[in-house]
Structures are given as C-alpha cells and as structure tokens.
Amino acid sequence: MIAIKHLSKSYGPKKVLDDINLTFEKGRVYGIVGENGAGKTTLFKCIAGLEDYHGTISSDYDNLKNHIGFLQTAPYFFSKITGREYLRLLANARKIKVENYDEKNIFELPLDQYAVTYSTGMKKKLALTALLIQSNDFFILDEPFNGVDIQSNMLITEIIHQLKALNKTIVIASHIFSTLNSTCDEIHLLKGGVFVKKVYQDAFAQLEQELKDFTIGNKVEKLGLR
Amino acid sequence: MTHYFKLQYKMLNRHLSEFGVHPVVGYLLGLLCFVGLSVYLFYKTAFASYIYVFLAISLLVNPGKTKRNDFLKSCFSKLDYLKTRLLENLILVAPFVGFLLYRACFGEALVLLIGSGGMAFLNFSRPFTQVLPTPFYKQPFEFTVGFRRTFLVIFFAYFLTYMAIAVNNFNLGIFAILLVLFTCLSYYFNPENRFFVWIFSLSPRNFLWQKIKVALLSATLLCLPIDLCLAVFFPEYIKIVIGVQILGYLYLLTIILGKYSAFPRALDLPQGILIAISVWLPPFLLGIIPFFYVQAIKRLKEILE
Numbered sequence: 001m002i003a004i005k006h007l008s009k010s011y012g013p014k015k016v017l018d019d020i021n022l023t024f025e026k027g028r029v030y031g032i033v034g035e036n037g038a039g040k041t042t043l044f045k046c047i048a049g050l051e052d053y054h055g056t057i058s059s060d061y062d063n064l065k066n067h068i069g070f071l072q073t074a075p076y077f078f079s080k081i082t083g084r085e086y087l088r089l090l091a092n093a094r095k096i097k098v099e100n101y102d103e104k105n106i107f108e109l110p111l112d113q114y115a116v117t118y119s120t121g122m123k124k125k126l127a128l129t130a131l132l133i134q135s136n137d138f139f140i141l142d143e144p145f146n147g148v149d150i151q152s153n154m155l156i157t158e159i160i161h162q163l164k165a166l167n168k169t170i171v172i173a174s175h176i177f178s179t180l181n182s183t184c185d186e187i188h189l190l191k192g193g194v195f196v197k198k199v200y201q202d203a204f205a206q207l208e209q210e211l212k213d214f215t216i217g218n219k220v221e222k223l224g225l226r
Numbered sequence: 001m002t003h004y005f006k007l008q009y010k011m012l013n014r015h016l017s018e019f020g021v022h023p024v025v026g027y028l029l030g031l032l033c034f035v036g037l038s039v040y041l042f043y044k045t046a047f048a049s050y051i052y053v054f055l056a057i058s059l060l061v062n063p064g065k066t067k068r069n070d071f072l073k074s075c076f077s078k079l080d081y082l083k084t085r086l087l088e089n090l091i092l093v094a095p096f097v098g099f100l101l102y103r104a105c106f107g108e109a110l111v112l113l114i115g116s117g118g119m120a121f122l123n124f125s126r127p128f129t130q131v132l133p134t135p136f137y138k139q140p141f142e143f144t145v146g147f148r149r150t151f152l153v154i155f156f157a158y159f160l161t162y163m164a165i166a167v168n169n170f171n172l173g174i175f176a177i178l179l180v181l182f183t184c185l186s187y188y189f190n191p192e193n194r195f196f197v198w199i200f201s202l203s204p205r206n207f208l209w210q211k212i213k214v215a216l217l218s219a220t221l222l223c224l225p226i227d228l229c230l231a232v233f234f235p236e237y238i239k240i241v242i243g244v245q246i247l248g249y250l251y252l253l254t255i256i257l258g259k260y261s262a263f264p265r266a267l268d269l270p271q272g273i274l275i276a277i278s279v280w281l282p283p284f285l286l287g288i289i290p291f292f293y294v295q296a297i298k299r300l301k302e303i304l305e
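Protein chains in written order, with my numbering: chain A, 1 to 226; chain B, 1 to 305.
Calculated directly from the structure, the hints in this document are not laboratory data. C-beta atoms are modelled at their ideal positions from N, C-alpha and C, and glycine is treated no differently. Incorrect hints may have been included.
Sample of chain A residues with no beta-carbon within 10 Å of chain B, all distances over it, derived [unchecked claim]:
1) Glu85
2) Asn92
3) Phe195
4) Asn218
Lysine-lysine pairs mimicking PhoX-like chemistry, simulated, CA-CA at most 25 Å apart [stated by the list, open to error]:
5) A:Lys95 <-> B:Lys301
6) A:Lys97 <-> A:Lys14
7) A:Lys95 <-> B:Lys138
8) B:Lys138 <-> A:Lys104
9) B:Lys10 <-> A:Lys65
10) B:Lys138 <-> A:Lys97
11) B:Lys301 <-> A:Lys5
12) B:Lys138 <-> A:Lys14
13) B:Lys298 <-> A:Lys65
14) A:Lys95 <-> B:Lys213
15) A:Lys97 <-> A:Lys65
16) B:Lys73 <-> A:Lys95
17) A:Lys97 <-> B:Lys10
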C-alpha cells in the first residue's frame with residue numbers, strides 16, 4: 001500500500017498540488033484524469049521522488065523508488081543508444097539479468113536501431129517494455145496509450161490486466177477516457193492541483209458525460225466555424 | 001527576425017548566468033580567451049591562418065543542422081530564413097574575420113566571409129543512423145554513446161601511436177594516450193537526465209563505485225592498444241606511460257565525482273576552477289577528490305534514497 005498524505009507542491013508562488021490525500025492498494029488500477037496543467041505529471045514525479053514536495057508518502061517498501069516503474073509522457077533517450085541497449089541499461093539499474101531480450105520484445109521493436117530514430121509510439125513501447133523487464137511492483141503510467149497504434153493499445157490494456165492479476169498497483173493518466181474505462185477500478189479527477197472527485201466503475205459513464213458537458217459546453221459554437 | 005536574434009541573445013545570457021557568470025563578465029572573459037588563444041596559435045605555427053579558417057567554418061556546422069533549420073523554415077518566409085542564416089553565420093565568424101584582418105591575412109578573411117555565406121545555403125543531413133558496434137554494450141551509457149560520437153578521435157589517436165613508433169617519437173605516443181583519456185573525460189562533462197540516475201536501485205556509494213568501475217575499465221580498454229605499443233617499442237619509458245595512465249585515471253575519477261557533486265546541474269564555475277587548478281597542480285587532486293566525493297554522496301542521496 002502507498003499512502004499520500006497532505007502532499008503539496010509549489011513552483012515559486014504557483015501552487016501546483018494542494019493537500020493531496022490518496023491511498024493506492026495492491027492489485028488495483030487507478031486512473032487520474034485532469035486537464036493539461038492540472039498537476040498529474042507533477043504528482044507522479046513527487047510519488048517517484050523526482051520532485052521535492054511537502055507532506056508524506058509512505059509505503060510497505062523499504063525504498064519505494066526501487067519498486068516503481070515510471071513511464072513518462074515523453075520518455076528520454078540518449079542519441080546513440082539502441083533499443084536493446086536501453087533495455088539493458090534499465091535492467092542493469094535494477095540488477096535484473098535477462099537472457100534473451102528478443103523474447104521480451106513483445107511490441108516487435110527494431111531493437112538494434114538507435115532509439116531516437118523510433119516514432120513516438122515506438123519510444124513509448126520501448127520504455128514500457130523496459131519497465132516490465134524490471135519486474136516493478138508499482139507502475140505509474142503517464143499517457144501510456146498516447147501515440148501508440150490500436151494493436152499495441154490492446155496489448156497494453158491486456159498487460160495492465162495481467163499486472164493487476166499479479167497484485168501490482170497501477171496508476172494511469174490518460175486523456176483517452178475509453179482506455180481508462182477498460183482498465184481502471186477507480187478514477188480520480190484532478191483539477192487545479194486538487195482531487196475534486198473519485199468514482200468507481202459503475203459511475204464511469206456518468207463521469208465521462210460530466211467531463212464532456214463541462215469541457216465542451218458551448219466552446220465550439222463560440223468559434224463560429226464556417 | 002529581430003525577435004529571433006533578441007531571443008538568441010537572451011538564451012546566451014541565461015546560459016552564462018546558469019554557469020555562474022554575469023553575462024558582461026562572460027563576454028569579456030570570452031573575448032579575452034579568444035584573443036589569447038588566437039595570439040598563441042599565430043605565435044605557434046605558420047599554418048595558423050588556415051587552421052583558423054577551418055575552425056571558424058567548423059563552427060558553422062551546428063547551425064546548419066537539418067532539424068534546427070526545418071524549424072526555422074517553418075517559422076520564417078524563404079527570404080527571411082536565408083537572411084537569418086546569413087546573419088547568424090556572419091556573427092559567428094566576425095571575430096575570426098576581425099583577427100585575420102588584424103594579422104593582414106586578407107585573402108583568408110575573404111575566403112572565410114565567402115565560405116560563411118555559402119554555408120548559409122547548406123543543411124547538414126540527418127544524424128548518422130547506422131549503428132556502430134562497441135565493446136561497451138554490456139554496460140550501456142557513457143562509453144557506448146561517447147565511443148559512437150568520438151570513434152574518429154580514438155582511431156586518430158591509434159594512428160598517432162603508429163606514427164610515434166614510425167618516427168621514433170615517444171612524446172607523440174604520450175599525446176595519443178592523453179587524447180584518448182581526454183576524450184573519455186568528455187563523456188562525463190554533461191549531466192544526464194535525472195531519470196537515468198533515479199532508476200538505479202543502488203546506494204549513492206555503490207552507484208558512484210559502479211560508475212567509476214565502468215569508467216576505469218572502459219578507459220583502460222581504449223588506452224590499452226597504445227599503452228602496449230609504447231611498452232613494446234619504448235620499454236625504457238614504461239614508467240612514464242604508467243604514470244600518465246594513472247594520472248588519467250585520477251582525472252577521470254575527479255570528473256565523475258565532480259559531475260555528481262553538482263548533479264542534476266552541470267558543473268559550475270567554482271567547480272570548473274577547482275578542476276582547472278588540479279590540472280595545473282596535480283597534487284591538488286588529493287584534496288579535490290574527497291571533497292567532490294562527499295558532495296556527490298550528498299547530492300545522490302536526494303535522488304537514490
């Protein structure tokens with residue numbers, strides 16, 4: 001279990017996260033939704049320990065960071081490193097020995113090409129493969145479906161189901177509601193750095209409708225498209 | 001277009017400020033260094049003007065990179081884009097042209113001016129995507145990336161070793177070792193993305209040890225062909241070869257510790273000064289290495305624990 005208590009984060013005078021309280025249980029999938037700039041990525045970085053924050057994050061693990069697989073929105077790759085070397089770098093970092101990387105290459109990526117030459121979706125799939133090889137217990141997936149083809153989206157959804165069955169904890173941020181609908185046990189709505197709503201599976205459809213009504217409203221009409 | 005150059009100026013000022021230098025001081029220091037090195041170059045060799053033109057033209061390769069220019073083309077009209085490139089190149093070569101004129105090298109100055117104009121019409125193709133095999137694949141990162149970026153320098157150093165033996169010039173051989181060692185040091189000049197430290201499930205001490213171990217083994221692998229050749233062909237100087245190699249290891253250690261003592265920032269001016277003093281006065285390393293080590297452990301604790 002991971003418990004976040006009274007977590008706040010500011011950049012200068014701007015408060016990005018304000019008194020966040022949240023608990024993540026094992027074997028559950030959590031969705032985080034919110035507009036761009038709502039604070040999702042900052043929250044993830046705080047949980048991962050990549051950002052300083054006020055408040056506490058406690059867990060059952062001795063050093064939570066060593067159990068987290070963090071898929072970033074735009075994973076970074078060195079300019080002259082191949083896909084295979086990237087996988088090896090992340091496996092080495094967690095002292096994982098892998099006999100056959102090709103076997104783990106379920107997205108069929110060209111592992112012997114430089115990773116920077118990959119498309120956006122391929123980069124995401126490579127980063128995700130590396131996290132899966134690390135055998136993490138807690139996954140933070142920031143926009144895992146973004147830029148990824150339909151077939152791989154289906155594969156990622158299945159992977160999330162498998163991870164849940166293995167009693168792992170998964171937190172997903174996505175702007176594609178259908179992907180959350182098919183994977184999450186509960187969804188939290190983040191707005192202006194504060195969690196304003198929590199819904200369970202039976203109310204996902206209602207939340208989606210609310211989001212649509214609130215987000216779209218009469219904004220498109222204002223454009224006066226002709 | 002004016003806005004673009006104002007932005008470039010602002011960005012340069014920000015880089016200098018981040019480095020810990022007031023922009024005005026930075027420009028003055030830059031000018032002093034430029035003049036000093038130029039005077040030194042012209043004092044040292046009769047081919048200085050040609051080297052000078054070559055150096056100035058090589059500075060224009062970076063602004064000519066395709067990706068950057070695709071962006072500029074998408075921002076400006078065709079005419080404004082060309083004006084921007086021409087002006088940019090002229091600004092970059094202006095100090096070189098000025099010094100060449102001062103040295104009465106009018107022909108070279110003209111060649112440089114025409115060359116810089118011509119370079120504005122060139123775009124350098126996309127990065128070399130052919131994967132170069134390296135012996136460092138088991139511990140991918142600094143040496144894998146670094147070797148692929150600098151393999152020509154490494155092979156040039158091996159060629160110098162051959163020349164050292166051919167013309168019986170031991171000093172040239174030592175220069176070849178120093179060239180390889182300096183190239184290895186350069187792999188650690190810039191801090192990596194914070195994520196690539198965060199991923200390690202190691203204590204700060206073990207993390208540093210791991211980095212140092214990989215660096216020393218990999219640097220040894222690159223230096224070994226030169227060391228062995230010099231040991232065979234100049235056996236009377238073997239102690240000097242070993243001494244240079246050990247000194248190189250110490251600097252490698254210093255740079256790695258220095259890098260993580262500032263992490264995730266790049267090395268700043270005070271740290272740069274400490275390293276510069278140690279180059280001038282090697283015994284100073286005995287103080288710097290433990291100092292950087294303590295600082296590095298402190299920095300890494302924030303990320304790894």
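Hints violated by the structure (listed by number, smallest first)
Those not satisfied are hints 1, 2, 6, 9, 12, 16, 17.
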